Amino acid sequence: QKEVEQDPGPLSVPEGAIVSLNCTYSNSAFQYFMWYRQYSRKGPELLMYTYSSGNKEDGRFTAQVDKSSKYISLFIRDSQPSDSATYLCAMTAGGAGSYQLTFGKGTKLSVIP
Amino acid sequence: GAVVSQHPSWVICKSGTSVKIECRSLDFQATTMFWYRQFPKQSLMLMATSNEGSKATYEQGVEKDKFLINHASLTLSTLTVTSAHPEDSSFYICSASPLRRDTQYFGPGTRLTVL
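Protein sequences appear in the order of chains A and B.
When the count follows my numbering, it moves up by one through the first sequence with no breaks and lands on 113 for the last residue.
When the count follows my numbering, it moves up by one through the second sequence with no breaks and lands on 115 for the last residue.
Everything labelled a hint here was simulated from the structure, so no lab data went into it.
Predicted model only: the values in this text are computed from it and were never measured.
Note that beta-carbon positions come from the ideal geometry of N, C-alpha and C, so glycine has one too.
A few of these clues could be false.
Claimed, not checked - Here's a subset of chain B near chain A, in silico, CB distances under 8 Å, partners left out:
hint: 1; residue: 93
hint: 2; residue: 107
hint: 3; residue: 109
hint: 4; residue: 111
Unchecked claim - DEER-style ranges, computed between Cβ atoms:
hint: 5; chain 1: B; residue 1: 7; chain 2: A; residue 2: 100; range: 19 to 29 Å
hint: 6; chain 1: B; residue 1: 22; chain 2: A; residue 2: 17; range: 34 to 44 Å
hint: 7; chain 1: A; residue 1: 10; chain 2: B; residue 2: 80; range: 34 to 44 Å
hint: 8; chain 1: B; residue 1: 18; chain 2: A; residue 2: 68; range: 43 to 53 Å
hint: 9; chain 1: A; residue 1: 46; chain 2: B; residue 2: 61; range: 19 to 29 Å
hint: 10; chain 1: B; residue 1: 76; chain 2: A; residue 2: 51; range: 27 to 37 Å
hint: 11; chain 1: A; residue 1: 12; chain 2: B; residue 2: 61; range: 27 to 37 Å
hint: 12; chain 1: A; residue 1: 53; chain 2: B; residue 2: 15; range: 43 to 53 Å
hint: 13; chain 1: A; residue 1: 53; chain 2: B; residue 2: 63; range: 25 to 35 Å
hint: 14; chain 1: A; residue 1: 11; chain 2: B; residue 2: 40; range: 46 to 56 Å
hint: 15; chain 1: B; residue 1: 86; chain 2: A; residue 2: 57; range: 41 to 51 Å
hint: 16; chain 1: B; residue 1: 18; chain 2: A; residue 2: 52; range: 38 to 48 Å
hint: 17; chain 1: B; residue 1: 73; chain 2: A; residue 2: 10; range: 35 to 45 Å
hint: 18; chain 1: B; residue 1: 55; chain 2: A; residue 2: 93; range: 19 to 29 Å
Build the full structure now, drawing on both the sequences and the hints.
Next up, the structure:
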């Protein structure tokens, strides 16, 4: 079993839809969870950063972490064509000397006008 | 804030030559920088972890003599691909981790094409 599982998609939604992106993980030591957005031929851009369980909202984006289920989600409200990109989840156990991130494979999202 | 730059953004070179890629954290200090490579339609593959003032730690299967990493300051790390071959053609991305933060900020990437 891979440490982080993420459905690669592709996922196509109409403009204005609510998008749900998910990752599951197996390492219970993970405490820091991130979502990155990567446009084609660009470096990943940090969207959301959360610590431990709970919800975090930033504009149209909401990140959820359920450590008991080892499941994290990213919701995008009122999706726009500019949201079309690959979304990568990433996580780390944290702490000194543990800065390495473990990534999901990424989900490719297309928002159709 | 938290901007990371890379230079060059793309490079084409002949087989057998060496290429140096720079990674800079522009508005924060980074004790740790990371180098990744990414093949088309695949996720990021960590190549090495670089700490300022010390030798880089390479992932299994990454040749340290081929991919030379220097992290000379808290804002600059370089990756030199020595004696490049066509199979080294890829998208190389660096990231930097701010002090006491368990996250990484990525550069825009460098596309290397070896002819």
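Cross-check of the supplied hints:
1. 93: 5 Å, holds
2. 107: At 5 Å from the nearest chain A Cβ, residue 107(B) passes the 8 Å test, so the hint holds.
3. 109: This hint holds: residue 109(B) lies near chain A, its Cβ roughly 4 Å from the closest one there, short of 8 Å.
4. 111: Check passed: Cβ of residue 111(B) comes within 7 Å of chain A, closer than 8 Å.
5. 7(B) to 100(A): 19 to 29 Å: The hint (19 to 29 Å, Cβ to Cβ) holds, given that residue 7(B) and residue 100(A) are roughly 25 Å apart.
6. 22(B) to 17(A): 34 to 44 Å: Because 41 Å falls inside the window, the suggested range holds.
7. 10(A) to 80(B): 34 to 44 Å: 36 Å, holds
8. 18(B) to 68(A): 43 to 53 Å: This hint holds: roughly 50 Å between Cβ atoms.
9. 46(A) to 61(B): 19 to 29 Å: 27 Å, holds
10. 76(B) to 51(A): 27 to 37 Å: 29 Å, holds
11. 12(A) to 61(B): 27 to 37 Å: 35 Å, holds
12. 53(A) to 15(B): 43 to 53 Å: 51 Å, holds
13. 53(A) to 63(B): 25 to 35 Å: With Cβ atoms ~40 Å apart, the hint is violated.
14. 11(A) to 40(B): 46 to 56 Å: 19 Å, violated
15. 86(B) to 57(A): 41 to 51 Å: 46 Å, holds
16. 18(B) to 52(A): 38 to 48 Å: 44 Å, holds
17. 73(B) to 10(A): 35 to 45 Å: 41 Å, holds
18. 55(B) to 93(A): 19 to 29 Å: 23 Å, holds
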